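Now for the letters of each chain:
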Amino acid sequence: MFHIVACIKQVPDTKIIKMNPKTNTMDRRTAPAILNPYDAHAVEEAVRLKQRYGGTVSVVTMGPPPAVSAIKKCIEIGADEGYLITDRRFAGADTLATSYAVTKAIEKIAKTRPVDLIICGKMSIDGDTGQVGPGIARRLDIPPLTSVNKVVEINLEERYAVVHRKLEDGYEVVQSTLPCLFSVEKTINDVPYSPMPNMLKAARYKPHIWSVDDLEDVDIKQLGLKGSPTIVSKVWAPQKLAGGTFLEGNPAAQVEQLLQILLEKKELFESKEGM
Amino acid sequence: MDFNEYKGVWVFIEQKDGEVAPVSLELLGAGRKLADKRGVELAGILIGEHVKSLTKTVFEYGADTVYVYDQPLFKHYRTETYMKALLECSDKYKPEIILYGATSTGKDLASAVATDLPTGLTADTTELDVEEETGLLLASRPAFGGNIMATILCKKYRPQMATVRAKVIKALPPEVGRIGKVVEETVSLKEEDIRTKVLEIVKETVKKVRIDEADIVVAGGKGLGSYEGFQLIHHLAETLGGAVGASRDVVEAGWIDHPHQVGQTGVTVTPKIYFAIGISGAIQHIVGMKNAGLIIAINKDKEAPIFQNCHYGIVGDAFEIVPVLIEQFKQALSSDKVMK
Ligand SMILES: Cc1cc2nc3c(=O)[nH]c(=O)nc-3n(C[C@H](O)[C@H](O)[C@H](O)COP(=O)(O)OP(=O)(O)OC[C@H]3O[C@@H](n4cnc5c(N)ncnc54)[C@H](O)[C@@H]3O)c2cc1C
Ligand SMILES: Cc1cc2nc3c(=O)[nH]c(=O)nc-3n(C[C@H](O)[C@H](O)[C@H](O)COP(=O)(O)OP(=O)(O)OC[C@H]3O[C@@H](n4cnc5c(N)ncnc54)[C@H](O)[C@@H]3O)c2cc1C
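For the record, the sequence lines run as chains C and L.
Count the first sequence with this note's numbering and you get residues 1 to 275, in order.
Count the second sequence with this note's numbering and you get residues 1001 to 1340, in order.
With the rest of the complex left out, here is chain C (with noise of 0.2 Å):
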């Protein structure tokens, strides 16, 4: 039977993250914990898929024990299972880490139930390096498939999957075989509202939680910080520039300073002459 895993990520809402101005750091108290948004369109893609070919959808998440409350999330959208990894030794992990730990714990998916395709999003918006989904690909050594915008055709039978891939000016239709990863785009589908007997399954739904213990084969030195070969050695905020002058009057004194401003970069208008 059809099996996906859509791997998640718990992140901090940065829209309403406000910073420390003296440590520079991030006031977490202040950024509500949420499913990172290009996971929900990977969770929602692999519940269409199912709904198109049958089959189960589990979704993954290495994090900190809160994090169930995304798998929840994820429930919701209309996944059947949920696995956390979590574990003190997993922490400080790059995304070469991170892949290592979550690729240990699909191993670990699979045992019980085959996987034929794993889906991430793009990217987190915290790290949002979009590095997590290739590694994972790597490390399995199946296809990564990123930017993927539209699934074609999944053939279970045939072992293969055609998908738009976007590309700066266009797309391009690739074909893989199974199993494979993508990484999505949000523009692959729209997130509606949960119908509500999901939420209720939602509301009840305990995920597996495993820690570093629960995986098999896991080199411990490949885990978390230890594991990281990338270091944040330095964090700041992003440089201001000076401030701007305000231009002073009524309207029409307002656009005649502006015009003067203007007209002194006057060459760059020089095309327009001939209008």
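Heads up, a few of these hints could be off.
Calculated pairs, DSS-like style, for lysine-lysine (alpha carbon to alpha carbon, straight line, at most 25 Å) [said to hold, decoys possible]: (1) L:Lys1016 x C:Lys166; (2) L:Lys1016 x L:Lys1156; (3) L:Lys1290 x C:Lys266; (4) C:Lys226 x L:Lys1156; (5) L:Lys1033 x C:Lys265; (6) L:Lys1197 x C:Lys166; (7) C:Lys234 x L:Lys1033; (8) L:Lys1167 x C:Lys166; (9) L:Lys1007 x L:Lys1155; (10) L:Lys1156 x L:Lys1075; (11) C:Lys234 x L:Lys1155; (12) C:Lys221 x L:Lys1156; (13) L:Lys1092 x C:Lys266; (14) C:Lys265 x L:Lys1272; (15) L:Lys1170 x C:Lys265; (16) L:Lys1167 x C:Lys186; (17) L:Lys1330 x C:Lys266; (18) L:Lys1203 x C:Lys166; (19) C:Lys150 x L:Lys1075; (20) C:Lys150 x L:Lys1197; (21) C:Lys150 x L:Lys1016; (22) L:Lys1167 x C:Lys265; (23) L:Lys1167 x C:Lys234; (24) L:Lys1052 x L:Lys1094; (25) L:Lys1037 x L:Lys1155; (26) L:Lys1197 x C:Lys186; (27) L:Lys1007 x L:Lys1056; (28) L:Lys1181 x L:Lys1092; (29) L:Lys1222 x L:Lys1272.
To give an idea of the chain L side of the interface with chain C (calculated C-beta under 7 Å), a few residues [said to hold, decoys possible]: (30) Thr1079; (31) Tyr1093; (32) Ser1104; (33) Pro1118; (34) Thr1126; (35) Leu1189; (36) Arg1195; (37) Phe1307; (38) Ile1314; (39) Leu1325; (40) Ala1332.
If you're looking for bench data, these hints aren't it; they were derived computationally from the structure.
Source: prediction; values computed, not measured.
Quick reminder that beta carbons are idealized off the backbone N, C-alpha and C, glycines included.
Could you slot chain L with the ligands onto chain C? The hints should help.
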């Protein structure tokens, strides 16, 4: 890992339709500086089919060496094939640093290569430097939706890799006739063994909007109130001969398409003049336009953050100010012509 074995700065040369991607030329400029600081070679790595002729451009923009993989296998970009070339080449010649454009291709390739090597990969870098003595790459990037900047280091692995955003670094002026060493390589891969196939490439016929190449960008925000109100931005842009930009909220409201969006999840622009009209100046917007030569903000709210990120500010109603500006500007230009 013996760090002394790793030498030189590489740039992955992205190409399409017989042209080198602009971001790759920019990266050659950035790479040149890093290589000079370290006293090492700058190399380009060029992969594709019928791409040999592009080496000329790569040398003119600063490379000393170009590693070329020119095989039918590489006609279309595919992670599996390009990755194989990069991994083999990196294994053979051991660069200290590899830079990629933070385009969809560059990011896809770099993430796969980093996992296999394995090594660290800094994403979406906007500032680059290198420690002269140690060769440690200092790659800085925005994170948390642009709320903070962070410098990322990769101390224990080589090569050090980063994807770099387009338009944050200037390409060097090309030195016509500058030449270097071409090193031709091949990979032994059979088409049958590759698991992905590009069946078709579809070019979207919509007119290409290149706001990243415009000298003047007139951008409007949610403050224009409606689709109809937003037309004011088109009028001003037309009058000034500029391109139209927009905030994300405007794109989400459907007043204009995504290629016009300026900011972190849109386009980074570096025009000579940037107008921000009815745009509050959220950090995610600012990161996309802060390098404009002259930033002019028009906003009704004196406290709007955009005023901290502009050169000149007008506090007022766009619907009062902009029509007057359009009128006056037209007049000024036509009288100017009369004088000539
Ligand atoms: C300021 C700062 C800068 C950073 N810069 C870098 C950097 O340049 N390079 C680097 O390697 N690391 C970096 N990191 C670390 C990086 O944010 C973490 O490794 C993070 O756990 C995963 O990367 P991401 O958030 O960028 O995810 P992305 O790669 O953007 O996420 C893409 C998709 O992968 C899946 N995914 C991501 N995380 C998880 C998870 N925990 N569980 C399950 N699925 C997941 C989701 O489907 C998601 O949509 C940085 C961290 C900070 C705080
Ligand atoms: C992960 C992430 C990525 C994002 N990426 C981007 C991005 O790439 N680009 C981007 O722009 N945003 C981005 N955003 C959204 C960003 O945070 C802001 O929500 C958005 O920029 C606000 O758009 P705005 O300034 O048009 O609207 P608003 O914030 O609603 O501001 C409207 C402004 O118009 C002024 N105004 C109202 N009426 C008038 C009038 N008649 N005349 C003059 N002024 C008037 C108001 O005073 C106000 O300042 C991102 C957010 C997140 C979380």
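Taking the hints in turn, this is what the structure says about them:
no.	hint	in the structure
1	L:Lys1016 x C:Lys166	holds, 15 Å
2	L:Lys1016 x L:Lys1156	violated, 35 Å
3	L:Lys1290 x C:Lys266	holds, 22 Å
4	C:Lys226 x L:Lys1156	holds, 11 Å
5	L:Lys1033 x C:Lys265	violated, 31 Å
6	L:Lys1197 x C:Lys166	holds, 15 Å
7	C:Lys234 x L:Lys1033	holds, 22 Å
8	L:Lys1167 x C:Lys166	holds, 21 Å
9	L:Lys1007 x L:Lys1155	holds, 15 Å
10	L:Lys1156 x L:Lys1075	violated, 35 Å
11	C:Lys234 x L:Lys1155	holds, 14 Å
12	C:Lys221 x L:Lys1156	holds, 14 Å
13	L:Lys1092 x C:Lys266	violated, 53 Å
14	C:Lys265 x L:Lys1272	holds, 9 Å
15	L:Lys1170 x C:Lys265	holds, 21 Å
16	L:Lys1167 x C:Lys186	holds, 24 Å
17	L:Lys1330 x C:Lys266	holds, 13 Å
18	L:Lys1203 x C:Lys166	holds, 10 Å
19	C:Lys150 x L:Lys1075	holds, 23 Å
20	C:Lys150 x L:Lys1197	holds, 16 Å
21	C:Lys150 x L:Lys1016	holds, 23 Å
22	L:Lys1167 x C:Lys265	holds, 22 Å
23	L:Lys1167 x C:Lys234	holds, 23 Å
24	L:Lys1052 x L:Lys1094	holds, 22 Å
25	L:Lys1037 x L:Lys1155	holds, 18 Å
26	L:Lys1197 x C:Lys186	holds, 24 Å
27	L:Lys1007 x L:Lys1056	holds, 23 Å
28	L:Lys1181 x L:Lys1092	holds, 16 Å
29	L:Lys1222 x L:Lys1272	holds, 23 Å
30	Thr1079	holds, 6 Å
31	Tyr1093	violated, 20 Å
32	Ser1104	holds, 5 Å
33	Pro1118	holds, 6 Å
34	Thr1126	violated, 9 Å
35	Leu1189	violated, 14 Å
36	Arg1195	holds, 4 Å
37	Phe1307	holds, 5 Å
38	Ile1314	holds, 5 Å
39	Leu1325	holds, 5 Å
40	Ala1332	holds, 6 Å
Going down the numbered hints, you'll see the structure goes against 2, 5, 10, 13, 31, 34 and 35, while the others check out.
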